[in-house]
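Could you slot chain U onto chain L? The hints should help.
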Amino acid sequence: MKSSSGVAPVGEEQRLAAVRRYDILDTPPDGAFDRVTALAARVCQVPISTITIVDEDRIWFKSALGLDGVSQIDREPGLCASAIMQQTPYLVSDAAIDPRTLDNPLVCGELGLRFYAAVPLRTGDGHNLGTLNVIDCEPRDLPDEQLAMLEDLAAIVMDELELRLSAKRDVELESLRAAAAFRDTVVAGISHEMRTPLAVLNGLVDLFGADSQDGAADELREVFRRQVRYLNHQVEQFLDYTHLEHGELPGLQIEPSPLAPVVEEAADLHRDRGRVEVEVVDDPPPVLIDARQTLHVLSELVSNAVRFGPSDEPVRIRITGDSDEGTVRVEVADRGPGIPAQALPHLFERYYRSPDSTGTGLGLFVANALADAQGARIEAASTPGDGSRFTLVLPAADGDRR
Amino acid sequence: MTRRVLLADDEAGIRTVVGLQLQRRGWEVLTVSDGEAALAAARTGDYDVLVLDQRMPGLTGLEVAQALATEVPVIVYSAYLDDELHRQARELGCHTSTKTDITALLDRIEQLTAT
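In the order they appear, the protein sequences are chains L and U. In terms of this note's numbering, the first sequence opens at residue 1 and continues consecutively. In terms of this note's numbering, the second sequence opens at residue 1001 and continues consecutively.
If you are wondering where the hints come from, they were derived from the structure by calculation, not from laboratory data. Cβ coordinates follow ideal geometry from the N, Cα and C atoms, glycine included.
Partial pick of chain U residues on the chain L-facing surface, computed with a CB cut under 8 Å: (1) E1011; (2) G1013; (3) V1017; (4) V1018; (5) L1020; (6) D1083; (7) K1099.
The shape of chain L in the complex, shown without the other chains:
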């Protein structure tokens, strides 16, 4: 099988991905591999033995016994590039008369290669990374017993590569785990440290409010109150994130609750950042929710709408009952650029972010998980150029009340 230059053989992309995965290319010489080539050369009684990895455009030598100073050659004349195309050993007894090789520069050139035997280095998932081969400048045959030993040695090379890969993965996983644990500790630590002072500030604002006769002071107090509540809310959300990221749901207290105050609160949290209008249609029934977590979900939707919507158009929230379905719907609509159709199915995936977003990729994932835990759901719709609409659909406390 001969591949004309420039045309990648079938499956080559996946094979190269496998090569990258083992992360072996351009690593320093290594005694373990040099011992294998020394053994292969001795067993087959040849002067040259190499362990090669076939890269996109080169053949790189992990070990090259008898080829002093050679660390790689171009892929094109290399016999290994042909050898990895088949699943069985590749044998050339006399390259000078073999039609596959007789015009190969390695054969007719300075090296004068005549005998070449290669066993592919095959991964568990069937990709040939390269070869273990033996080479001589005299024609010769390879007895079955030597071939069998060469195959065993190739298997040892592969075992060695697998071992290194898994050791490397263990180290990477361990450091990822350590980083995640550190981050969680920091987030939880900071959040916890902030909770009590925030609760005190919250309580202080209420005390200031009680008997003021001063309109300006009232307005300042309102700003203060909203900012403190917002900060408080953000801290609680951070804590929820760390829990939900580990798949732990917060303990829910689901009870019949009027929805409008929760929606008002969610809107209010973001009113220092944009206009938010709430419309309640036809006095919808109470809903079965955990009020705190529903606030979290709605706040996420309102936050996104405020962030992505234009500043001169308010975010519109609409609460409507759906007595047929026994639900109450909260629509949060903005007039922003909208969401591309191909992104819509992925919005609620963990760590999914729109390309121009600066978010964590957790917001909607967490909101959706919290909605789901309460038997609610979030629907997303968007017309590119004309904004997005997220609808939280909540179970009515009493389906046949209306």
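Positioned in the frame of chain L, the structure of chain U alone reads:
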């Protein structure tokens, strides 16, 4: 008749804010800043409710409640409410509340002492 509450918290901010809010609601408030003082005050005075922070120097809120074994309603509150704390409180016949929402704490106090 004036209602009396014992409030124990090692954080002055919480003592001030919760104390003032309770006074506005017509309560007579005694505040202390650690578990030992809470125990001593509870043993020598009459209160309609004991409101104890769980995390305090000396004794925790639950340890104070356990040592007292009182008929008076006890609310143990914490910024770190979890199932374990709920369970321990239930075993001692105590009520729980959160420290991170003072309005909720105040409501809980009113609710438990409503006659």
